[in-house]
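Asks: Take the sequences, apply the hints, and build the full model.
As you go down the protein sequences, you meet chains A and B in turn.
The end of the first sequence is residue 269 by the numbering used here, with every number in the run present.
The end of the second sequence is residue 784 by the numbering used here, with every number in the run present.
These are calculated hints, taken from the structure and not from any lab test.
Computed from a predicted structure; not experimentally measured.
Glycine is no exception: its CB is placed at the ideal position from the N, C-alpha and C atoms.
Be careful, since some hints might not be right.
[Claimed, not checked] One-sided excerpt, in silico: chain B residues whose CB lies under 8 angstroms from chain A:
| no. | residue |
| --- | --- |
| 1 | Glu108 |
| 2 | Glu124 |
| 3 | Asp541 |
[To be verified] Non-contacting residues of chain A with respect to chain B, defined by C-beta distances greater than 10 angstroms in every case (computed):
| no. | residue |
| --- | --- |
| 4 | Glu160 |
| 5 | Gly164 |
| 6 | Lys169 |
| 7 | Lys180 |
| 8 | Arg197 |
| 9 | Asp254 |
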Amino acid sequence: MKKIRILVLALLIALCALMTVSAEELTGLQIIRESDNLPQPDTSSVKATLVIHSKKGNEKTRQVIMKSKDYGDVTKEVIVFTAPKDVSGVGYLMFNYPENSDGTKKDSENWLFMPALKKVKRIASSGTEAEGNFMGTDFTYEDMGDRAISKDTYTLLGEEVVNGVNCYKVKCESIARTEKDPDRIAYIGTEDFLLYRCEFYDRHGSLHRVLECSDIEYIDGYACTKVMKMENVQSGTWSKITLSDVQYNTSAIDDSLFTVAALEQGRIR
Amino acid sequence: MKTAQINERFESFARFQLKHRKAFLIFLIVFTVLGCIGLPRLKLTNGEEDWFDNWEQVQMNQDHFESIFGSTDTLLAFIKADDVFDPEVLDAIDRLGDEIVANVPYVEGVSSLMSLSIPIGTEEGFEVINPFEDGVPEDPEEIEKVRDFILSRESLVNVLVSDDCTETWVIFDLEQYSESLTEAMNKIAPPAMEIFNSDSFKSDKYRILPAGLSYTEYEEEASTYEQVVSRIAIGFIVMIFFLAFFTRSVKGVVVPAVATVFALCTTLGFSALMGIEGNMIMLMVTVLLSMALSVGYAIHFINAFKMHFRRTGERKESVVLGVKDCGWALLFTVITTMAGMLSFLAGGIKSMRWVGGITAAAVFCIYLYTMVLLPILSSYGKNTKPDGKYVSSQGSTAADLRMERAGKKVLKHSTLVMIAGFAIMLAMIPGVLGIKVNMDYSDMMGERTPYIKRLMEITRSKLGSQYSYDVLIEYDEEDAIKDPEVLNKMEELAARIGTLSMTKVSGGKPRVSSVTTIIKEMNRTLNEDNLEYYAIPDDQDLVSQILFLYEISGGDNVYQYVSEDFSAAYLHVELNGYDAEECVQNLDQVEAWVDELFPDAETAGVVGEVMQYAIMNGKLVRGSLRSIGTSFIVIFILLVIAFGSLKTGAIAMIPNIAPILLIGGIMGYGGISLDMVTALIMPMIMGIAVDDTIHFTNHIKYHFELCRNYRTSILNSYREIGKTMTMTTIILCAMFTIFIFSTINALCRIGYLSVIGLAGALIADYTLTPVLILITKPFGKEDK
Numbered sequence: 001m002k003k004i005r006i007l008v009l010a011l012l013i014a015l016c017a018l019m020t021v022s023a024e025e026l027t028g029l030q031i032i033r034e035s036d037n038l039p040q041p042d043t044s045s046v047k048a049t050l051v052i053h054s055k056k057g058n059e060k061t062r063q064v065i066m067k068s069k070d071y072g073d074v075t076k077e078v079i080v081f082t083a084p085k086d087v088s089g090v091g092y093l094m095f096n097y098p099e100n101s102d103g104t105k106k107d108s109e110n111w112l113f114m115p116a117l118k119k120v121k122r123i124a125s126s127g128t129e130a131e132g133n134f135m136g137t138d139f140t141y142e143d144m145g146d147r148a149i150s151k152d153t154y155t156l157l158g159e160e161v162v163n164g165v166n167c168y169k170v171k172c173e174s175i176a177r178t179e180k181d182p183d184r185i186a187y188i189g190t191e192d193f194l195l196y197r198c199e200f201y202d203r204h205g206s207l208h209r210v211l212e213c214s215d216i217e218y219i220d221g222y223a224c225t226k227v228m229k230m231e232n233v234q235s236g237t238w239s240k241i242t243l244s245d246v247q248y249n250t251s252a253i254d255d256s257l258f259t260v261a262a263l264e265q266g267r268i269r
Numbered sequence: 001m002k003t004a005q006i007n008e009r010f011e012s013f014a015r016f017q018l019k020h021r022k023a024f025l026i027f028l029i030v031f032t033v034l035g036c037i038g039l040p041r042l043k044l045t046n047g048e049e050d051w052f053d054n055w056e057q058v059q060m061n062q063d064h065f066e067s068i069f070g071s072t073d074t075l076l077a078f079i080k081a082d083d084v085f086d087p088e089v090l091d092a093i094d095r096l097g098d099e100i101v102a103n104v105p106y107v108e109g110v111s112s113l114m115s116l117s118i119p120i121g122t123e124e125g126f127e128v129i130n131p132f133e134d135g136v137p138e139d140p141e142e143i144e145k146v147r148d149f150i151l152s153r154e155s156l157v158n159v160l161v162s163d164d165c166t167e168t169w170v171i172f173d174l175e176q177y178s179e180s181l182t183e184a185m186n187k188i189a190p191p192a193m194e195i196f197n198s199d200s201f202k203s204d205k206y207r208i209l210p211a212g213l214s215y216t217e218y219e220e221e222a223s224t225y226e227q228v229v230s231r232i233a234i235g236f237i238v239m240i241f242f243l244a245f246f247t248r249s250v251k252g253v254v255v256p257a258v259a260t261v262f263a264l265c266t267t268l269g270f271s272a273l274m275g276i277e278g279n280m281i282m283l284m285v286t287v288l289l290s291m292a293l294s295v296g297y298a299i300h301f302i303n304a305f306k307m308h309f310r311r312t313g314e315r316k317e318s319v320v321l322g323v324k325d326c327g328w329a330l331l332f333t334v335i336t337t338m339a340g341m342l343s344f345l346a347g348g349i350k351s352m353r354w355v356g357g358i359t360a361a362a363v364f365c366i367y368l369y370t371m372v373l374l375p376i377l378s379s380y381g382k383n384t385k386p387d388g389k390y391v392s393s394q395g396s397t398a399a400d401l402r403m404e405r406a407g408k409k410v411l412k413h414s415t416l417v418m419i420a421g422f423a424i425m426l427a428m429i430p431g432v433l434g435i436k437v438n439m440d441y442s443d444m445m446g447e448r449t450p451y452i453k454r455l456m457e458i459t460r461s462k463l464g465s466q467y468s469y470d471v472l473i474e475y476d477e478e479d480a481i482k483d484p485e486v487l488n489k490m491e492e493l494a495a496r497i498g499t500l501s502m503t504k505v506s507g508g509k510p511r512v513s514s515v516t517t518i519i520k521e522m523n524r525t526l527n528e529d530n531l532e533y534y535a536i537p538d539d540q541d542l543v544s545q546i547l548f549l550y551e552i553s554g555g556d557n558v559y560q561y562v563s564e565d566f567s568a569a570y571l572h573v574e575l576n577g578y579d580a581e582e583c584v585q586n587l588d589q590v591e592a593w594v595d596e597l598f599p600d601a602e603t604a605g606v607v608g609e610v611m612q613y614a615i616m617n618g619k620l621v622r623g624s625l626r627s628i629g630t631s632f633i634v635i636f637i638l639l640v641i642a643f644g645s646l647k648t649g650a651i652a653m654i655p656n657i658a659p660i661l662l663i664g665g666i667m668g669y670g671g672i673s674l675d676m677v678t679a680l681i682m683p684m685i686m687g688i689a690v691d692d693t694i695h696f697t698n699h700i701k702y703h704f705e706l707c708r709n710y711r712t713s714i715l716n717s718y719r720e721i722g723k724t725m726t727m728t729t730i731i732l733c734a735m736f737t738i739f740i741f742s743t744i745n746a747l748c749r750i751g752y753l754s755v756i757g758l759a760g761a762l763i764a765d766y767t768l769t770p771v772l773i774l775i776t777k778p779f780g781k782e783d784k
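Replies: Right under this line is the structure:
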């Protein structure tokens, strides 16, 4: 079984502090840094609807409540499924630790609650499955997480308009080349440094997946990408994540939510 | 109508043909060009689907199955070693996984001993362990511990690794491709092949045996293509050799060779223009048979022409007389051969119908080209003086006269000939009745083909199997499969299937897999790894949540066994081999159990290629009987019409039953099963073998009309066409001998059974035909 990782929607639900830097002064790496450095809230609470569209046209819908809090030395996150009905109440509690300067990282801690079992189970996992599909969608855990800037090299290819927004077109090439999609072309807004589109290329240089980000709103001063659609152009499947009820830095998120007891008591709503 | 009258009409036609020879040549050129336009559009396929006449239905079932469960194509590497836990073997598995994932398109992940994620229940919860996460341990004790741990997992032993640790799989999951299998396999197989065969994976400690749908399909196509091209090339050389040997003239070699090539190109071209898709293996039968018949037709004409030319020295007149002598008999043999081939249309098997139809058309074209080109081109040239040596012998050669002497001996021992002939035929009957029908595709292909040999080695191993079937259980409401009652019934069905004779058992464990294994494993994991919980939970919500947990944790396997909405599931059953009768009995039993256990299911039953084979088994028997019956009846009717007499038709049929009984008897006694390819042989040989009977009987009748004496007519016929009959049979046998050296079993069988049949037919024609005519006197009374 694959390890369940914290859903840090850092790249996509990033805060925006508009930077006024002219394009000619920026390199690919600088653009990515600007994007990565966008401020993030300490706490977030969202409801997400996951639509998974199969090759044959079937659609499955799942709904989750996600809450997270950044404590500096650890990010705590809780995810509880609310639909479909027979899995309502299934929840995860995750403690994720940041990467040390030497590249090492403490293993995350994960707990699972299954209402039918009526008890919490601790999940211990030694490995990471960054390239595994996130919750059965076309997104991978790595897509949803915070990829270290040092893992890629960056080349600014130019500028292009995406859905009416002028974007930098930055080619990100993996140094290790071990990933399923080692090359990406990211389209980052020239004004807001937010991600609008990302094309993922497989090891053979063929376009594999395309991410489209839309419905970007500013909530409490932080930018929030409310709709993310990932299409696998090779298999013909796609998945869409739609966020609603987004709350940042709210006082309603208290520390007791990130406990095993909260999961068991069904306090995550 | 008397034969003499028919022959005169052919004589008139020959005169007309020579008078307008340029117009005939122009017509033939235009016809050839039109046909060849279609050649680039010719589509030849090669696959099991070609054998199924009801492929659309099969495809519909398959599509329905795939619409629920998705494609199941994977790339596999079967690792055979003395000990798969040897550090060198483990290292190779690790490297192989990395290289394939990095270099082969569509590969999205690898499952092997080196990349396991095993959930283990603990007191607190569960732990996911990758035993080789840090690579291959240097300490042998560490490796022993891992070995013991892996062998303790029910879901891995004799599934991923054999209990004796000599076999293991490296499984590469392929992403579902939206392009066709042919396009995908051309991308997947070549780079995979390069890696599998590279020096870095050669060792005396292990062997890598690749497998998987797209990989083996690619190999099959390459192997078949090589076979087809090499056999046709050899066939062409053999044809040229025999033409040169028998005709001893440049014209005698070039004209039939050109006629054959043009006739085949035109036939295949027109078929392509009509949008008819062919079969690659069967094309060999068409091409080689066409070459053989072409040579035969040419020799009949050339020998007749030469006989008259030697006697008269008049070129054009000899051409006309040659056509007069053999034109009708050749046309008639063409019609009967076509009838034999067209009888495959009654067989109901797609590729048989194609080869029947296309060969019938090719045979007609060969006749058309031969009878237009040979007389016309033979008419060009100078006249010569009659050869005195041959004038007295009516143009006959020494060989012709030897044939006549042999004929005299046959007639002298007519009673013995009859007794021996009928005794052999009677002796063959029990063998014919003992022919077994068995369509084992692997047996048809044979283990002399390297990739089949490799696949068979995998099949015979503990972990592999060649044939399998699926039992589909489909409800009309969502989540029906999550019902513990349904899951327990699936368990019950799996247990029963495990007791069937054809179900493969490895290490005492029947090879029946379904979603229940995943649920049981997960339930055990969630309950401190307690074996008591290796069972289906009673609570449906718990089943739902277990499956959900499995799926969102990245367990893709679940949708290999259940539909996305959990309304359908299937059990995958691997077989220990293929025995048609046993399979049919097993499948009938499974169907009965499914009806008993799942009476409320919307659809429930067996699907998969084995089911199709089982259906085809019965169909093949009926199809073959229909083909043989149809060719028998049609040829009989044609003989009756040709000879204008029921009695003559019946007599002419007897020597043609002999080779059929001979082939059938050898198949029965030799344990050669009737399958999609061997089913071709009997109707085909009947259609070809009857040619000599027609030539011989027709000649005897013609001479009888001239001299009203059976003995004289028979001896004249021995002298005039006896040698030609031997020549044509030798050529046909030589062509079919090419098949004997094929590495494909089915073609090899076509080869030697056809050679036996054709040789038997020639002997029957030399012996039974004249003796029967002499005894029964079918053409009327003799003049005293």
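Asks: None of the hints should be skipped; say for each whether it holds.
Replies: These are the hints, each one checked on the structure:
no., hint, in the structure
1, Glu108, "holds (7 angstroms)"
2, Glu124, "holds (4 angstroms)"
3, Asp541, "holds (4 angstroms)"
4, Glu160, "holds (27 angstroms)"
5, Gly164, "holds (30 angstroms)"
6, Lys169, "holds (26 angstroms)"
7, Lys180, "violated (7 angstroms)"
8, Arg197, "holds (22 angstroms)"
9, Asp254, "holds (25 angstroms)"
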